[in-house]
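Work out the full structure: start from the sequences and follow the hints.
Note that the protein sequences, when read in sequence, are chains A and B. Reminder that position 97 of the first sequence reads as 97 in our numbering, one-by-one numbering, no gaps. Reminder that position 4 of the second sequence reads as 4 in our numbering, one-by-one numbering, no gaps.
If you're looking for bench data, these hints aren't it; they were derived computationally from the structure. Hints should not be assumed to be uniformly reliable.
Stated by the list, open to error - In silico DSS-like pairs for lysine-lysine, Cα to Cα no more than 25 Å straight-line:
1. A:K73 with B:K96
2. B:K92 with A:K58
3. A:K25 with A:K15
4. B:K110 with A:K32
5. B:K38 with B:K27
6. B:K37 with B:K24
7. B:K92 with A:K78
Small disclaimer: the values here were computed from a predicted structure and weren't measured.
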Amino acid sequence: MAEAIQKKLKAEVEKYSQMQKDVSKSMSARQKLETQLAENNIVKEELDLLDTTNTVYKLIGPVLVKQDLDEAKATVTKRLEYINGEIQRYETLLKDMEKKSDNHRELLSSLQQEYQRAQGLAVGKV
Amino acid sequence: MAGKGKMNIEHLGAVARLREEHQKVVKDCESRVLHWKKVSGDYEALNDRLKTLPDQLSYDIMVPFGPLAFMPGKLVHTNEVTALLGDNWFAKCSTKQAQKIVDHRMKYVKSELNDLSKTMKNFEARVGLVKDLETISSSKGGYVDIREDTENTDIAVTKGKQRKAHKPNSKPKLDAVLHLKKEVEENEEESRDGGSGKDITTKEELWARLDELEKLEELQDEQDRLSYNADMNGEDTSSFSSEEEKEGDAAPPENGLGQKPSWTSAPHSKAQPSSDREAEDDDEEEEGGGLPTIFFSHTTEPKKVRINTGKNTMLKFSERKEQKDLSKRKNKNGHSNGHSHHELHKISTPADIYRVFVDMKNGEPIPRKSILKSRSRENSVCSESSESSAADFEERRMTGRSLSHDDTTHSDTSDGITEEESPTAVPLHPASRFEAFSGTVVEKDPMPSAVPHLTIAPPALPTILERKQEEVAPDVAPPQQAPKRVSKFKAARLLQK
Numbered sequence: 001m002a003e004a005i006q007k008k009l010k011a012e013v014e015k016y017s018q019m020q021k022d023v024s025k026s027m028s029a030r031q032k033l034e035t036q037l038a039e040n041n042i043v044k045e046e047l048d049l050l051d052t053t054n055t056v057y058k059l060i061g062p063v064l065v066k067q068d069l070d071e072a073k074a075t076v077t078k079r080l081e082y083i084n085g086e087i088q089r090y091e092t093l094l095k096d097m098e099k100k101s102d103n104h105r106e107l108l109s110s111l112q113q114e115y116q117r118a119q120g121l122a123v124g125k126v
Numbered sequence: 001m002a003g004k005g006k007m008n009i010e011h012l013g014a015v016a017r018l019r020e021e022h023q024k025v026v027k028d029c030e031s032r033v034l035h036w037k038k039v040s041g042d043y044e045a046l047n048d049r050l051k052t053l054p055d056q057l058s059y060d061i062m063v064p065f066g067p068l069a070f071m072p073g074k075l076v077h078t079n080e081v082t083a084l085l086g087d088n089w090f091a092k093c094s095t096k097q098a099q100k101i102v103d104h105r106m107k108y109v110k111s112e113l114n115d116l117s118k119t120m121k122n123f124e125a126r127v128g129l130v131k132d133l134e135t136i137s138s139s140k141g142g143y144v145d146i147r148e149d150t151e152n153t154d155i156a157v158t159k160g161k162q163r164k165a166h167k168p169n170s171k172p173k174l175d176a177v178l179h180l181k182k183e184v185e186e187n188e189e190e191s192r193d194g195g196s197g198k199d200i201t202t203k204e205e206l207w208a209r210l211d212e213l214e215k216l217e218e219l220q221d222e223q224d225r226l227s228y229n230a231d232m233n234g235e236d237t238s239s240f241s242s243e244e245e246k247e248g249d250a251a252p253p254e255n256g257l258g259q260k261p262s263w264t265s266a267p268h269s270k271a272q273p274s275s276d277r278e279a280e281d282d283d284e285e286e287e288g289g290g291l292p293t294i295f296f297s298h299t300t301e302p303k304k305v306r307i308n309t310g311k312n313t314m315l316k317f318s319e320r321k322e323q324k325d326l327s328k329r330k331n332k333n334g335h336s337n338g339h340s341h342h343e344l345h346k347i348s349t350p351a352d353i354y355r356v357f358v359d360m361k362n363g364e365p366i367p368r369k370s371i372l373k374s375r376s377r378e379n380s381v382c383s384e385s386s387e388s389s390a391a392d393f394e395e396r397r398m399t400g401r402s403l404s405h406d407d408t409t410h411s412d413t414s415d416g417i418t419e420e421e422s423p424t425a426v427p428l429h430p431a432s433r434f435e436a437f438s439g440t441v442v443e444k445d446p447m448p449s450a451v452p453h454l455t456i457a458p459p460a461l462p463t464i465l466e467r468k469q470e471e472v473a474p475d476v477a478p479p480q481q482a483p484k485r486v487s488k489f490k491a492a493r494l495l496q497k
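Structure representation (structure tokens):
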């Protein structure tokens with residue numbers, strides 16, 4: 001009986017750890033997005049400051065590609081929106097993950113109790 | 001104690017960990033601050049470079065070829081700079097524009113630095129706190145935890161109730177006085193035992209105690225006020241006329257200001273019933289109780305009681321009783337001064353004292369008028385002044401009353417006998433006093449006979465008569481038969497006619 005519970009416990013623990021990892025991953029992804037967002041904001045501001053006289057280049061690999069100022073602005077804006085959307089997605093994902101992990105945690109704790117009781121019984125028996 | 005020790009140890013461990021965490025954060029903050037400082041330094045250098053770069057059209061420089069070689073070369077297009085905007089975006093711009101960009105970035109860096117420094121400060125403070133906590137828990141330092149065991153839950157309960165008790169007096173004063181001793185004892189007990197467990201009594205005692213303390217405070221305030229208000233005497237007395245009750249007390253206007261305790265309280269007694277009652281009682285006590293009292297040196301001569309009353313320092317004995325006896329006679333002399341003396345000597349109430357203060361004039365003792373009363377109108381024609389007329393009215397009343405009262409003992413009961421005498425006495429009396437008075441004497445009861453019955457006044461005090469002729473006339477004028485009340489103003493007016 002105790003062993004069965006033990007096994008169960010182990011499985012649950014693994015699941016829980018997996019979940020935790022997922023959570024952390026999504027968290028980091030979200031953070032990255034956040035930084036990108038900040039950066040793109042700055043770029044947008046800078047581009048607004050510029051006038052048509054200067055040329056804008058985009059670095060693609062080792063190549064600097066000339067870009068039109070307006071084009072660049074549009075691109076940057078689009079990117080910004082994309083990033084925002086991504087962040088939202090990740091947020092919802094993160095919330096779900098958190099809930100799941102909490103539930104799992106509770107399950108784990110209950111299992112642990114059971115296991116301990118079983119252990120106690122086993123000890124008693126023995 | 002074992003439990004406590006255990007807790008301490010656990011506490012210690014937790015606190016230590018907390019401190020470590022805090023320190024970690026602080027370190028992290030420090031590193032970030034360093035980083036940002038470096039960045040800002042770099043930007044500063046860049047700024048300088050951008051400033052100086054366009055000075056020359058071209059520069060001769062050693063161009064790095066790979067990691068180990070250099071080649072002499074020239075730096076051209078000094079004003080053109082390709083600046084990274086972020087996220088793999090570049091922009092070709094002039095140095096000035098580049099400088100603007102740099103400025104922007106500098107601003108951002110500065111703000112970051114500020115935030116970091118703030119957080120660092122916060123955490124440093126926290127670290128300090130945690131350190132202290134550590135020392136406390138380890139009980140190494142000189143810190144002592146102050147604990148106060150509250151054993152008696154009733155006190156906590158009554159606290160709320162006590163708040164309610166703070167409302168205006170709910171209990172009569174007497175209760176406070178009675179409970180005083182009891183309260184004190186009980187409170188002492190309580191404090192000693194730390195809660196004796198008498199649930200009900202403690203609560204009630206506390207309430208009662210609270211009320212009684214309140215009242216004591218009020219008493220104190222009133223007494224202070226009374227002594228304070230010594231100067232307010234005259235003003236108070238001027239309002240006497242409207243108060244029937246202030247018969248004897250109104251007279252006191254003359255009361256020596258020097259004699260604060262008893263005298264001043266008396267006139268105010270009616271104005272402030274409760275406290276004054278006490279004051280009066282006090283006076284009486286002082287009078288008869290042998291407490292510090294004012295001693296009169298009674299001599300056979302027209303008595304001189306030295307009282308500091310400002311203008312007149314000599315106050316003489318009143319010969320009220322005499323007056324009463326002589327009420328029927330026109331010319332009374334101070335016959336048997338000594339006799340009246342004796343009677344007057346007997347002072348059992350504060351009011352009696354006032355009878356002592358009497359002016360001597362023309363052989364006729366006249367109660368002294370309050371020095372606070374304005375004397376400006378002494379010889380004026382006007383008699384409408386409320387003050388004087390009021391005072392006079394008051395005096396008249398008092399005269400009548402005194403007459404009535406004097407007849408009997410110093411009881412408060414009115415007397416019918418003297419009532420009849422009073423009307424006659426009053427008009428005659430003033431008439432005799434002022435020889436100059438040439439007006440007709442109209443007999444009128446200066447004071448409604450019903451009034452003295454109503455009043456609870458102590459034996460009438462000698463009225464302070466500093467008569468003006470006009471005022472005296474009104475005195476006499478009013479019909480004696482009319483027991484109905486005549487306002488002082490009306491009376492004055494009538495008499496003036």
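Consistency of the hints with the structure:
For the hint linking K73 of chain A to K96 of chain B, the alpha-carbon distance of about 21 Å falls within 25 Å, and the restraint holds. At most 25 Å may separate the alpha-carbon atoms for a hinted pair to count; K92 of chain B and K58 of chain A meet this at roughly 11 Å. Distance hint between K25 of chain A and K15 of chain A is fulfilled; the C-alpha atoms sit about 15 Å from each other, no more than 25 Å. In summary, the hint linking K110 of chain B to K32 of chain A is supported, as the alpha carbons are separated by about 22 Å, within the 25 Å threshold.
About 17 Å separates the Cα atoms of K38 of chain B and K27 of chain B, which keeps this hinted pair within 25 Å; it holds. Proximity of K37 of chain B to K24 of chain B is assessed by CA-CA distance (about 20 Å); at most 25 Å being required, the pair is judged to hold. A threshold of 25 Å between alpha carbons decides the hint, and for K92 of chain B with K78 of chain A the separation of about 22 Å falls inside it, so the pair holds.
Checked against the numbered hints listed earlier, the structure breaks none of them; every hint is satisfied.
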